[in-house]
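Chemist: Listed below are the residues making up each chain.
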Amino acid sequence: MNMKILVVDDFSTMRRIIKNLLNDLGFANISEADDGNTALPVLQKGGFDFLVTDWNMPGMTGIELLKAVRADDKLNTLPVLMVTAEQKREQIVEAAEAGVNGYIVKPFTAQTLKEKIDKIFERIDA
Amino acid sequence: MLDDNQLITDDNVARAKDLLACLERGDEQGAREVLDELSRIRETELYKEMGKLTRELHDAISTFGMDHEIVNLAKDEIPDARSRLRYVIELTDDAANKTLTAVESSIPLCDNLSKDSTDLNEKWKRFIKRDMDVNEFRELSARIDKFLEDNSAGVTTLRTNLSDILLAQDFQDLTSQIIKRVIDLVQNVESNLVNLVKLTGAKVDLGEVQKGDGIKATGPAVPGVDQGVVSGQDEVDELLSSLGF
Numbered sequence: 001m002n003m004k005i006l007v008v009d010d011f012s013t014m015r016r017i018i019k020n021l022l023n024d025l026g027f028a029n030i031s032e033a034d035d036g037n038t039a040l041p042v043l044q045k046g047g048f049d050f051l052v053t054d055w056n057m058p059g060m061t062g063i064e065l066l067k068a069v070r071a072d073d074k075l076n077t078l079p080v081l082m083v084t085a086e087q088k089r090e091q092i093v094e095a096a097e098a099g100v101n102g103y104i105v106k107p108f109t110a111q112t113l114k115e116k117i118d119k120i121f122e123r124i125d126a
Numbered sequence: 001m002l003d004d005n006q007l008i009t010d011d012n013v014a015r016a017k018d019l020l021a022c023l024e025r026g027d028e029q030g031a032r033e034v035l036d037e038l039s040r041i042r043e044t045e046l047y048k049e050m051g052k053l054t055r056e057l058h059d060a061i062s063t064f065g066m067d068h069e070i071v072n073l074a075k076d077e078i079p080d081a082r083s084r085l086r087y088v089i090e091l092t093d094d095a096a097n098k099t100l101t102a103v104e105s106s107i108p109l110c111d112n113l114s115k116d117s118t119d120l121n122e123k124w125k126r127f128i129k130r131d132m133d134v135n136e137f138r139e140l141s142a143r144i145d146k147f148l149e150d151n152s153a154g155v156t157t158l159r160t161n162l163s164d165i166l167l168a169q170d171f172q173d174l175t176s177q178i179i180k181r182v183i184d185l186v187q188n189v190e191s192n193l194v195n196l197v198k199l200t201g202a203k204v205d206l207g208e209v210q211k212g213d214g215i216k217a218t219g220p221a222v223p224g225v226d227q228g229v230v231s232g233q234d235e236v237d238e239l240l241s242s243l244g245f
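In the order they appear, the protein sequences are chains R and D. Going by my numbering, the letters in the first sequence line up with residues 1 to 126, in that order. Going by my numbering, the letters in the second sequence line up with residues 1 to 245, in that order.
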């Protein structure tokens, strides 16, 4: 699998954890960004197949990034997985309404990450 | 007024008579001395009153019962707690990075071990079944030789990495002690604030908590503290599937 993935989180340790877990799942082509403001221009340059983002970040938050991605003609079909500590019901509903493809709450397991990614791509392939 | 504050006393009458006598006989020096004495008496009274007011003011402040405590909290303990919490971030960040570095260095070692073992196992089985020519066997024995050498080095590195991971956990002891101190401080601030609010005469209703904005990012939910949150991934999945996901 040579899918190009962008991992967005303000904590470098969390980015490293997600990157290692994605490596274990066979994804090797991974880039990183530390908030929405740095992520969006990288995404707009093109070539990314999948976005994994945190919610709570300084600058542009993950939910704002998700909305910006869905509002961008070139990016609006990009699959987005949110991996976040935000777990209020209305937040999950808001993310769903904004068009998120999967929502994982921290702390999470490697198994959960695998399941959600599998599910996202099963739906896209179907 | 107390007796010693009274103006009409025998002493003062005597002083006034004295002053009059001095003035009448033209004794300027004597008159000045009597006047000086009278103003000295007057000043002493003034100082006594000021002293009394100061004491009353101090007593009033002391009845707050926490003047020093609040000053200390604001001046030292809260900035101190801020530095302590920053240190907690530093320690946990450091531990996470050490652990991740050790893991990232171990994963390729495990992958190589696993790949080489599978490969050699398959060849070794063929050798046992005598399904191997002499050239291939020579190559196999060289590879086994290298595998054993690499293994020994790899396992030593793995062992070191595991020790690093073990040692990196020492932050837990330190951070929990620091956080406990900060919890005590927060409790102290809380009770002082409640007392202050009570002093102003306002009603304190600790049961009523201002609700936050539901959509704003609030950070990790804490079990038993946050309302309206899901308890884990299963509830997230349920909620999303109820929304048609």
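Treat the hints with care, since some could be wrong.
Where chain D lies over chain R, by a calculated footprint (3+ residues, C-beta under 8 Å) [to be verified]:
{"no.": "1", "segment": "29 to 40"}
{"no.": "2", "segment": "76 to 83"}
FRET-style restraints, in silico, Cβ to Cβ [what the hints assert, rightly or not]:
{"no.": "3", "chain 1": "D", "residue 1": "Q227", "chain 2": "R", "residue 2": "E115", "range": "23 to 33 Å"}
{"no.": "4", "chain 1": "R", "residue 1": "D24", "chain 2": "D", "residue 2": "I70", "range": "52 to 62 Å"}
{"no.": "5", "chain 1": "R", "residue 1": "L25", "chain 2": "D", "residue 2": "Q169", "range": "18 to 28 Å"}
{"no.": "6", "chain 1": "D", "residue 1": "I70", "chain 2": "R", "residue 2": "G47", "range": "36 to 46 Å"}
{"no.": "7", "chain 1": "D", "residue 1": "S163", "chain 2": "R", "residue 2": "P41", "range": "25 to 35 Å"}
{"no.": "8", "chain 1": "D", "residue 1": "A142", "chain 2": "R", "residue 2": "E115", "range": "39 to 49 Å"}
{"no.": "9", "chain 1": "D", "residue 1": "L199", "chain 2": "R", "residue 2": "Q44", "range": "49 to 59 Å"}
{"no.": "10", "chain 1": "D", "residue 1": "V194", "chain 2": "R", "residue 2": "T13", "range": "22 to 32 Å"}
{"no.": "11", "chain 1": "D", "residue 1": "D226", "chain 2": "R", "residue 2": "T109", "range": "20 to 30 Å"}
Straight-line distance between alpha carbons at most 27 Å, and here's what the computed BS3-like set of lysine-lysine pairs gives [unchecked claim]:
{"no.": "12", "chain 1": "R", "residue 1": "K67", "chain 2": "D", "residue 2": "K216"}
{"no.": "13", "chain 1": "R", "residue 1": "K106", "chain 2": "D", "residue 2": "K98"}
{"no.": "14", "chain 1": "R", "residue 1": "K88", "chain 2": "D", "residue 2": "K216"}
The hints are simulated quantities; they were obtained by calculation from the structure and are not laboratory data. All of these numbers come straight from a predicted model, not from anything done at the bench. We treat Cβ as the ideally placed atom computed from N, Cα and C, and that holds for glycine.
Chemist: A range of 49 to 59 Å was offered for this pair. Does it hold for the Cβ distance of L199 (chain D) and Q44 (chain R)?
Modeler: holds (58 Å)
Chemist: Check the following: the C-beta atoms of D226 (chain D) and T109 (chain R) are separated by a distance inside 20 to 30 Å.
Modeler: This hint holds: roughly 22 Å between Cβ atoms.
Chemist: Is the gap between the beta carbons of L25 (chain R) and Q169 (chain D) within 18 to 28 Å?
Modeler: Distance hint for L25 (chain R), Q169 (chain D) holds at roughly 27 Å.
Chemist: Checking one constraint from the list: CA of K88 (chain R) to CA of K216 (chain D), max 27 Å. Satisfied?
Modeler: Roughly 10 Å between the alpha carbons, so the hint for K88 (chain R) and K216 (chain D) holds.
Chemist: Could you say whether the range 23 to 33 Å given as a hint is met by the Cβ separation of Q227 (chain D) and E115 (chain R)?
Modeler: Since Q227 (chain D) and E115 (chain R) have Cβ atoms about 28 Å apart, the given range 23 to 33 Å holds.
Chemist: Does the beta carbon distance between A142 (chain D) and E115 (chain R) stay inside 39 to 49 Å, or does it fall outside?
Modeler: At 44 Å between Cβs, range holds.
Chemist: Regarding D24 (chain R) and I70 (chain D), is the given constraint of 52 to 62 Å on their beta-carbon distance met?
Modeler: holds (53 Å)
Chemist: Within 22 to 32 Å or not, the Cβ separation of V194 (chain D) and T13 (chain R)?
Modeler: Cβ of V194 (chain D) to Cβ of T13 (chain R): about 38 Å, so the range 22 to 32 Å is violated.
Chemist: Between the alpha carbons of K67 (chain R) and K216 (chain D), is the straight-line distance 27 Å or under?
Modeler: holds (15 Å)
Chemist: Hint check: K106 (chain R) vs K98 (chain D), CA-CA at most 27 Å. Holds or violated?
Modeler: holds (21 Å)
Chemist: Given a hint of 36 to 46 Å, does the C-beta separation of I70 (chain D) and G47 (chain R) actually sit inside it?
Modeler: About 58 Å separates the Cβ atoms of I70 (chain D) and G47 (chain R), which means 36 to 46 Å is violated.
Chemist: Has the segment 76 to 83 of chain R got at least three residues whose CB is nearer than 8 Å to a CB belonging to chain D?
Modeler: That given contact is violated, which follows from only 0 residues of the segment 76 to 83 of chain R lying within Cβ reach (below 8 Å) of chain D.
Comparing the model with each earlier hint shows violations of hints 1, 2, 6, 7, 10; every other hint is respected.
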